[in-house]
Amino acid sequence: MNLHEYQGKELLKSYGVKIQEGFVATTPEEAYAAAVRLRDERKSGWCVVKAQIHAGGRGKGGGVKLAKSPELAQEVASKIIGMQLITPQTPPTGKLVRKVLVAEDVYAPGPSPHKELYISILTDRATQRNVIIYSTEGGMDIEKVAEETPHLVHKAFVDPLVGLQSYQISQICFNLGLSGLAFKEMSQFITALYKAFIGSDASLFEINPCLKTSQDTVIAVDAKVAIDDNALYRHPDLEAMRDKEEEDPTEVLAAESDLNYVKLDGNVGCMVNGAGLAMATMDVIKLSGGEPANFLDVGGTANAERVEKAFRIILSDPNVKAILINIFGGIVRCDRVAQGVIDAYKNMGTIHVPIIVRLQGTNADIAKKMIDESGLKVRSAILLKEAAEAVADVLK
Amino acid sequence: MSVLVNKKSKIIVQGFTGKEGSFHAEQMIAYNTNVVGGVTPGKGGTKHLDKPVFNTVSDAVSATKADTSIIFVPPRFAADAIMEAADAGIKVIICITEGIPIQDMIKTKAYIADKKCRLIGPNCPGVITPGEAKVGIMPGFVFKKGNIGIVSKSGTLTYEAADQVVKAGMGITTAIGIGGDPIIGTTTKEAVELLMKDKETEGIVIIGEIGGGMEAEAARWIQKMGNKKPVVGFIAGQTAPKGRKMGHAGAIVGGDDDTAEAKMRIMAECGIHVVASPADIGATMARVMAARK
Numbered sequence: 052m053n054l055h056e057y058q059g060k061e062l063l064k065s066y067g068v069k070i071q072e073g074f075v076a077t078t079p080e081e082a083y084a085a086a087v088r089l090r091d092e093r094k095s096g097w098c099v100v101k102a103q104i105h106a107g108g109r110g111k112g113g114g115v116k117l118a119k120s121p122e123l124a125q126e127v128a129s130k131i132i133g134m135q136l137i138t139p140q141t142p143p144t145g146k147l148v149r150k151v152l153v154a155e156d157v158y159a160p161g162p163s164p165h166k167e168l169y170i171s172i173l174t175d176r177a178t179q180r181n182v183i184i185y186s187t188e189g190g191m192d193i194e195k196v197a198e199e200t201p202h203l204v205h206k207a208f209v210d211p212l213v214g215l216q217s218y219q220i221s222q223i224c225f226n227l228g229l230s231g232l233a234f235k236e237m238s239q240f241i242t243a244l245y246k247a248f249i250g251s252d253a254s255l256f257e258i259n260p261c262l263k264t265s266q267d268t269v270i271a272v273d274a275k276v277a278i279d280d281n282a283l284y285r286h287p288d289l290e291a292m293r294d295k296e297e298e299d300p301t302e303v304l305a306a307e308s309d310l311n312y313v314k315l316d317g318n319v320g321c322m323v324n325g326a327g328l329a330m331a332t333m334d335v336i337k338l339s340g341g342e343p344a345n346f347l348d349v350g351g352t353a354n355a356e357r358v359e360k361a362f363r364i365i366l367s368d369p370n371v372k373a374i375l376i377n378i379f380g381g382i383v384r385c386d387r388v389a390q391g392v393i394d395a396y397k398n399m400g401t402i403h404v405p406i407i408v409r410l411q412g413t414n415a416d417i418a419k420k421m422i423d424e425s426g427l428k429v430r431s432a433i434l435l436k437e438a439a440e441a442v443a444d445v446l447k
Numbered sequence: 038m039s040v041l042v043n044k045k046s047k048i049i050v051q052g053f054t055g056k057e058g059s060f061h062a063e064q065m066i067a068y069n070t071n072v073v074g075g076v077t078p079g080k081g082g083t084k085h086l087d088k089p090v091f092n093t094v095s096d097a098v099s100a101t102k103a104d105t106s107i108i109f110v111p112p113r114f115a116a117d118a119i120m121e122a123a124d125a126g127i128k129v130i131i132c133i134t135e136g137i138p139i140q141d142m143i144k145t146k147a148y149i150a151d152k153k154c155r156l157i158g159p160n161c162p163g164v165i166t167p168g169e170a171k172v173g174i175m176p177g178f179v180f181k182k183g184n185i186g187i188v189s190k191s192g193t194l195t196y197e198a199a200d201q202v203v204k205a206g207m208g209i210t211t212a213i214g215i216g217g218d219p220i221i222g223t224t225t226k227e228a229v230e231l232l233m234k235d236k237e238t239e240g241i242v243i244i245g246e247i248g249g250g251m252e253a254e255a256a257r258w259i260q261k262m263g264n265k266k267p268v269v270g271f272i273a274g275q276t277a278p279k280g281r282k283m284g285h286a287g288a289i290v291g292g293d294d295d296t297a298e299a300k301m302r303i304m305a306e307c308g309i310h311v312v313a314s315p316a317d318i319g320a321t322m323a324r325v326m327a328a329r330k
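Chains as they are written, first to last, in our numbering: chain S, 52 to 447; chain C, 38 to 330.
Keep in mind that the hints were calculated from the coordinates and are not lab data.
A virtual CB, placed ideally from N, CA and C, is assigned to each residue, including glycine.
Check before you lean on any hint, since a few could be wrong.
Simulated crosslink set (DSSO-like; lysine-lysine; CA at most 27 Å straight-line) [said to hold, decoys possible]: (1) S/Lys420 with C/Lys204; (2) C/Lys181 with S/Lys206; (3) S/Lys206 with C/Lys44; (4) S/Lys419 with C/Lys282; (5) S/Lys64 with C/Lys144; (6) S/Lys420 with C/Lys181; (7) S/Lys436 with C/Lys144; (8) C/Lys56 with S/Lys206; (9) S/Lys195 with C/Lys279; (10) C/Lys279 with S/Lys111; (11) C/Lys204 with S/Lys419; (12) C/Lys282 with S/Lys372; (13) C/Lys236 with S/Lys337; (14) S/Lys295 with C/Lys282; (15) S/Lys275 with C/Lys282; (16) C/Lys144 with S/Lys195; (17) C/Lys144 with S/Lys246; (18) S/Lys275 with C/Lys144; (19) C/Lys56 with S/Lys360; (20) S/Lys360 with C/Lys282; (21) S/Lys337 with C/Lys204; (22) C/Lys279 with S/Lys275.
To be clear about the criterion: a stretch of chain S counts as covered by chain C if any three or more of its residues have a C-beta under 8 Å from a C-beta of chain C, and this derived list gives those stretches [as the list claims (entries may be wrong)]: (23) 152-159; (24) 193-203; (25) 207-219; (26) 247-255; (27) 429-437.
With the hints as constraints, model all of the structure from the sequences given.
If you want it as structure tokens, here you go:
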């Protein structure tokens with residue numbers, strides 16, 4: 052589950068991580084009030100208005116703007132709120148901005164030059180440990196930094212049994228070229244950040260940029276935070292932060308029906324039991340000349356009710372020109388699944404796209420006969436190869 | 038011969054009396070798997086499915102000399118159940134549970150590292166040695182005895198592969214479902230290594246998915262060891278978009294190296310017979326086995 056920047060920063064702050072302070076606003080008037088508060092409480096005459104959407108690269112798309120007064124903050128916010136923000140990470144049509152974070156200006160000059168750094172924490176699959184990735188090259192795309200100047204990207208792996216050690220924290224500070232107060236500040240920052248990562252069951256923290264200010268303090272200027280969905284049961288406070296408006300409405304609906312669905316851009320929908328087989332079925336669609344319209348795992352119990360829900364979700368996508376149902380009946384018997392398909396089909400009246408049903412496993416023959424004799428416009432198959440051929444055929 | 042489980046395995050079921058545990062334990066017993074008992078804290082001393090129930094794994098091991106455990110415990114208690122099994126001296130721990138928090142698994146994996154046990158899963162269909170032991174949730178009838186080993190991240194796709202191998206006139210030595218999570222007990226390479234060492238296994242099917250680098254690691258190892266047995270490989274998720282989780286917690290493309298395309302290329306370079314379509318697994322295995330003879 053992804054958090055917005057302002058939510059991520061709230062989470063970090065609750066663990067003692069220093070952040071760029073700010074207030075969230077949903078209207079230009081609220082943005083004005085936020086800017087006034089920053090001016091009065093934080094002595095920040097200038098402020099930054101940042102679009103809050105679940106996608107990176109917001110600055111490039113015009114979703115982050117500097118405002119030199121509360122009046123200008125209001126004006127900038129009026130342009131950003133309601134805009135369709137397009138960034139390299141959004142769909143081509145962009146994402147609607149519903150709120151902005153009005154944040155203090157942290158780049159004011161001071162005794163020492165400020166410096167943008169990069170820090171992220173995630174789970175490294177190869178070593179099966181958490182890793183802190185850090186670089187002196189903050190404020191940029193880290194993948195590009197890693198490609199062009201790999202020696203500037205450092206990693207610290209954390210032993211799960213003893214946790215992050217002091218020497219590792221010192222090493223991070225030295226490698227980031229810090230000394231004096233900034234060294235001490237960064238030590239505290241990393242300690243609190245790792246504590247927050249573990250404490251919140253996060254799957255990703257990306258602080259880019261992490262700023263060493265001109266006063267030698269260290270603060271998070273941005274925060275990309277993702278929480279492990281499997282651990283949300285122990286964080287009801289974080290679960291409450293879920294912003295369903297940022298998610299695809301069909302995916303939200305599917306999740307409520309306990310169906311694992313991911314919307315894609317293609318023309319052939321699919322309904323499958325099991326995640327691996329579902330991905331493989333998408334691949335079959337592509338190899339048959341189509342493009343998968345979705346990923347959908349109906350799970351172990353493919354009864355009429357679930358099949359009908361899945362049908363409705365797939366058909367809510369106007370691009371769908373055909374549907375491939377691929378069920379390997381193991382413990383679930385194919386004849387029961389076939390009955391589910393037939394019942395669901397009848398309940399829905401007429402379905403205007405061709406349907407191919409491939410049922411393999413227990414009682415596959417009986418299931419095929421049931422489909423063939425149902426009088427419905429449904430093509431049946433037993434072998435995966437036959438199903439692939441049928442898909443190619445209906446797309447002609 | 039076979040790997041991990043056979044007719045001599047003494048198996049206990051953790052989460053024995055729960056809905057999932059009961060259902061699948063019954064199926065395992067019906068397959069003539071040597072289930073010697075089960076564990077449900079608080080129900081020790083009772084009987085379930087005609088087998089003794091124990092409060093702890095340690096009690097179960099003392100009483101039954103169990104060496105294998107299958108775990109159906111809900112996600113929030115499953116990591117604890119794995120550690121308990123390891124601590125009690127269980128040699129093969131098979132965790133079916135899906136949805137264990139990743140930080141729990143990181144700790145668990147480190148905890149069991151110096152115990153003399155092998156963890157399979159979590160989030161897997163289990164392990165089956167046809168005709169001997171079904172320690173998992175797979176439909177037993179699909180798996181006929183033979184000389185092909187299967188290593189897979191997926192459940193139903195494993196059944197699909199086994200079905201095709203059987204229909205192509207061959208059979209299975211042992212099918213190992215390693216699981217679809219980012220942190221799992223036994224990697225693709227480790228499972229392949231077991232099958233390479235198994236005398237009865239003459240060919241291997243590897244079923245991978247997008248995400249992580251385990252298939253590439255296995256492929257490089259197979260090549261380094263001299264491609265001793267023919268291997269057919271399939272990677273699910275060729276059409277999956279970047280950055281989206283496809284059902285399994287581990288099935289997510291992060292960068293350029295963990296796409297299906299990259300994995301398929303590396304596997305092919307290492308001498309593995311890579312199929313683009315999952316419909317071609319059985320036929321390809323039959324072809325490469327015939328060519329070998």
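**Report entry** Hint check, failures only
**Finding:** 2, 3, 4, 7, 8, 13, 16, 23 and 24
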